[in-house]
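A.B. asks: What follows is each chain in one-letter form.
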Amino acid sequence: MTINFRDETFRDDFTFRNSPEAIKRFPFPFHEDSYMYSVNMEPHKSYRPGSVYERTFDVDEHYVSEMKDRAKVLAEDPLRCQSLPHMTLAGWDLLELIMVSKAEEYPDLFELHRDGNKWHWINKPLGIDQKFVFLDEATLPYGPMEYITRQTQGDFAVLDQRDDNLWMDAGMVTTQADWSLDFDIGMNFFEWHAPVPKAHEMGIFVRALKFLLNVRQGAPARRLNWTMTVNPLLDTSPENYHKWGVMKQDLTMENMGEKMHLRVELQTFFRLPRSNALVFPIRCYLIKLGELVTEPKWGRRLHRVLRDLPEELATYKGFISNRPKIVEWLSKYDDGKPTSPGIWPD
Amino acid sequence: MPKTAFEPSIKSRPIYGTLEPRPGKSHLMIADAEGAEAILDLAKSTPKGMFDHTHIIYIPKKTGETFTGRLRELNPAQCYVGPSYEAALPRLRRVLNDAHMGLQVYLSGSEGLMGQAMLEATNAGIPHSAIQTEHRGSTARRMQCVHCKGITEDVTTDPFQCAHCGLHLFVRDHYSRRIAAFQGVRVDAEEPGNVPEPVERFK
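As you go down the protein sequences, you meet chains A and B in turn.
With my numbering as the guide, the letters of the first sequence map in order to residues 1 to 346.
With my numbering as the guide, the letters of the second sequence map in order to residues 1001 to 1203.
It should be emphasised that the hints constitute simulated quantities derived from the structure, not laboratory data.
You may find that some hints are simply not true.
To be verified - Partner residues are not named here, just some residues of chain A that face chain B (Cβ under 7 Å, in silico): (1) PHE183; (2) PHE190; (3) GLU191; (4) HIS242; (5) LYS248.
As the list claims (entries may be wrong) - Between beta-carbon pairs, the in silico distance windows are: (6) A:ASP308 x B:GLY1024: 50 to 60 Å; (7) B:GLY1102 x A:GLU32: 54 to 64 Å; (8) A:HIS86 x B:PRO1196: 37 to 47 Å.
Stated by the list, open to error - Derived pair list, reagent style DSS-like, types lysine-lysine, alpha-carbon separation capped at 25 Å: (9) A:LYS24 x A:LYS332; (10) B:LYS1149 x A:LYS243; (11) A:LYS210 x A:LYS45; (12) A:LYS317 x B:LYS1149; (13) B:LYS1203 x B:LYS1061; (14) A:LYS118 x A:LYS131; (15) A:LYS45 x A:LYS24; (16) A:LYS198 x B:LYS1011; (17) B:LYS1149 x A:LYS72; (18) B:LYS1011 x B:LYS1203; (19) A:LYS332 x A:LYS297; (20) B:LYS1011 x A:LYS210; (21) A:LYS317 x B:LYS1011; (22) A:LYS248 x A:LYS332.
Note that the structure is a prediction, hence the values are computed from the model and not measured.
All C-beta atoms, glycine included, are put in the ideal place defined by N, C-alpha and C.
Just chain B, same shape as in the assembly (with noise of 0.2 Å):
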């Protein structure tokens, strides 16, 4: 699947890039999905060694055995596949807190993941514009009910309804990388009941 041509947008809206190789002493790269072609074309035009400085944190999701083992075969330091995000944090925090001066962080596939990682790496001091970008796969969006403040995942039709507070919200393109999430909004606030028919925008 190629990488995901998006519409422009506002400013607040992340934008993506294509991963290349950049000098480090060591190297961090995080995928869900999809995101693992983008580590594998990356892997087309690395030094040799890289990977022997690679640690990858990848989680399949849908797409369970499809690139695992391609991925294996670029024989990275560390290679670590997992069931979910939360599954993979208490990992990644642990990286993220033992990284030195010279690691490059790399993220691809959906949104949300790399929103959320993105949140880890800066939380950890790394700016978020030294960090790589690459997004693969499903466009589904991370939302934050701007009421309740629960965060629902993978959100694909505007509107959508808010699995805490259960109000139907509409979705922004106003991002926030400090909640890793876009802004959901009561569509029917003017109009209590006049909820819109969902239409399916993001795959």
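For reference, chain A alone in the conformation it holds in the complex (with noise of 0.2 Å):
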């Protein structure tokens, strides 16, 4: 398998785009034409060859782009990467599952050689070539957490378990659908999620947190969410939300196909063995409307989830002043058809 590493940017001149097989391969995330909130947690075994659901940690052709794209949101705000104390033991976890699962599962691009606790990893993208003493902070440039998530796609919460409540205690956060891991870091599963509207009401949360906290190691869980977002930027973060929050207002009827795009997030959550820790990566996958369009069944539903979403999601989403510009744009690509279930191309 090899994979053709994008040279794109998601900032200043967005030359972000999917090939065509990454279009064919895209987390659509709606089985069906309508959308409300849902635990919706399926185990994350691999699934459909060649799909996201394929590996344990997808590496696909943004790889290299989204990881020069993190190191520049890290040296302009550091405060996206932090980890209280007592996770770095959790960080080590993390580094542990994500190098031995790339390397098993992508033994072209990533190695890792272990001799006792002298470990030797080779990221071949990125070009790193790191001999290092498993559990030896110092003998790593960053914490282990951050060490290993600035080499992995997606953003990664780590979550300390205790008092039957879930600890946003450590993060690696710039990829974010407009959350503040400085601002959120320390609170439980129900203060960090406090803003959402209505899914506390209906009982999402309490149900999702007995899901999680009961979530056994060896057998992780997934779901996907969503969100739109103009211009392929991966750092809608409320830290620069006085900067990206203006180009709402550059959409037009014109440049719609090019702009606008369905922001999915991959969800998985892992149990970590030496510190029972859960971890949270969510993986963000952005596509353009004129992309998605041109799966017709994925046009069709994506026209009639929009136009039918309860108002008051579509403000938290952060896209109802753009909707009726969007709704109607995707009309075109609506003819009305019935659609087949589920979320894989026809």
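Combine both chains into one complex, guided by the hints.
C.D. replies: Here it is in structure tokens:
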């Protein structure tokens, strides 16, 4: 398997785009023509070769450029990566999980050689060759969580489990849908989800927490979440909202297919062996509406979902002001025909 | 001034109770302004001798001498009256550093005072759920600008201007115990210059 890593940007000139192969494997999040919150968890098992569900940590054509973007975000704002003092062991757990998975599942891209605690990690796409001592922080250039998540797509929330709750006590968050790690670090599951409308009243978080507290080692889970983003911005943080918020004004019927993106999060949940922490990777996939409508089923369905979405959700997801334009543009791709069940293209 | 009734809000927003005496080897009471009244009310039902083991740290702010005499009349083992929270902080840290099992912590007054003192107490290893709080007096908020991270104290209007970077921010109910502040976000991010007239929401 070879991946042609694209050289592209998620800022300034926004040269990000998906190849036809990447469009085909996009994790379209709607299994029917409407959307409402649900816990929608399933086992994170390898499924559908070639899809984003095939491997433990999906690596795609955007990998190298996404890691360059992460390094830029961290250089501008080091508070995007934080770990409370008791979370270091969980960081080592996470490093092990990622290195072992990637070396096994992408042997042509990553290698891990272990001799007791003497480890040798080779990351070919990023040109990294690192010898270090497992569990000895002094032998890595960053803490273990920061080290490995600078080399892994997606945000990472590392959750401590105590008092029948999950506590956001560490994280690497540079590609987020408008929430702040620096503000939320140390909060419990209900507190960091506090701003989400409706879902508390629906009992979603009580059920989700119950599920997550019981995730066992070796039996990870996953779900999809989504929002809409103008321009292919990975960093839609509250910290920089005063810079990217204004871009929402630039959307027109003419540039809709190029500028408007469906943003999908593949959220996975893994129990970590030594710390008993839960790691919650939040992997962001972007697709231009112009790319998305090349799959007729997806164009039809997205039109119906966005048109019928409750106003509160469109407001929370931040596209209420642009919704009329988006729906009008998508309506050209909805001929009213029925759509097949499930998320996959026809 | 009676204790404040807050509107129902989101789950990160702190909820305050009513101080009540709890068994303990020693007692630390930290209050600002009208928060003194919560201590005075508490004193009506404390077991005999409790104030012999009580340290009061009090910042009167605008209330001046209104409550200081009555607090001293409780005859606490130690009673400190200070000009500001910042001035009281080294003392508070020293006291918490020395704290033993069986210390009870009581906080009363403004949200900013309670939030900051709770942060010190939790940093010293006391679980936040074991600390009693009672809101009295000003509902002004301690706000963190999510953009520049600067803290603006005693915010009464929404929107307000960040004391550090000057952006106009709206006031969220999202609250961080670790920062001891609510979150402020630029109000005109999507339409720069379109800043709504500030409304006095907190007094």
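A.B. asks: Does each hint fit the structure? Answer for all of them.
C.D. replies: Comparing the hints with the structure gives:
no. : hint                             : result
1   : PHE183                           : holds, 5 Å
2   : PHE190                           : holds, 5 Å
3   : GLU191                           : holds, 4 Å
4   : HIS242                           : holds, 4 Å
5   : LYS248                           : holds, 5 Å
6   : A:ASP308 x B:GLY1024: 50 to 60 Å : holds, 57 Å
7   : B:GLY1102 x A:GLU32: 54 to 64 Å  : holds, 58 Å
8   : A:HIS86 x B:PRO1196: 37 to 47 Å  : holds, 43 Å
9   : A:LYS24 x A:LYS332               : holds, 21 Å
10  : B:LYS1149 x A:LYS243             : holds, 15 Å
11  : A:LYS210 x A:LYS45               : holds, 21 Å
12  : A:LYS317 x B:LYS1149             : holds, 24 Å
13  : B:LYS1203 x B:LYS1061            : holds, 14 Å
14  : A:LYS118 x A:LYS131              : holds, 7 Å
15  : A:LYS45 x A:LYS24                : holds, 20 Å
16  : A:LYS198 x B:LYS1011             : holds, 12 Å
17  : B:LYS1149 x A:LYS72              : holds, 19 Å
18  : B:LYS1011 x B:LYS1203            : holds, 23 Å
19  : A:LYS332 x A:LYS297              : holds, 13 Å
20  : B:LYS1011 x A:LYS210             : holds, 17 Å
21  : A:LYS317 x B:LYS1011             : holds, 19 Å
22  : A:LYS248 x A:LYS332              : holds, 22 Å
Checked against the numbered hints above, the structure violates none of them.
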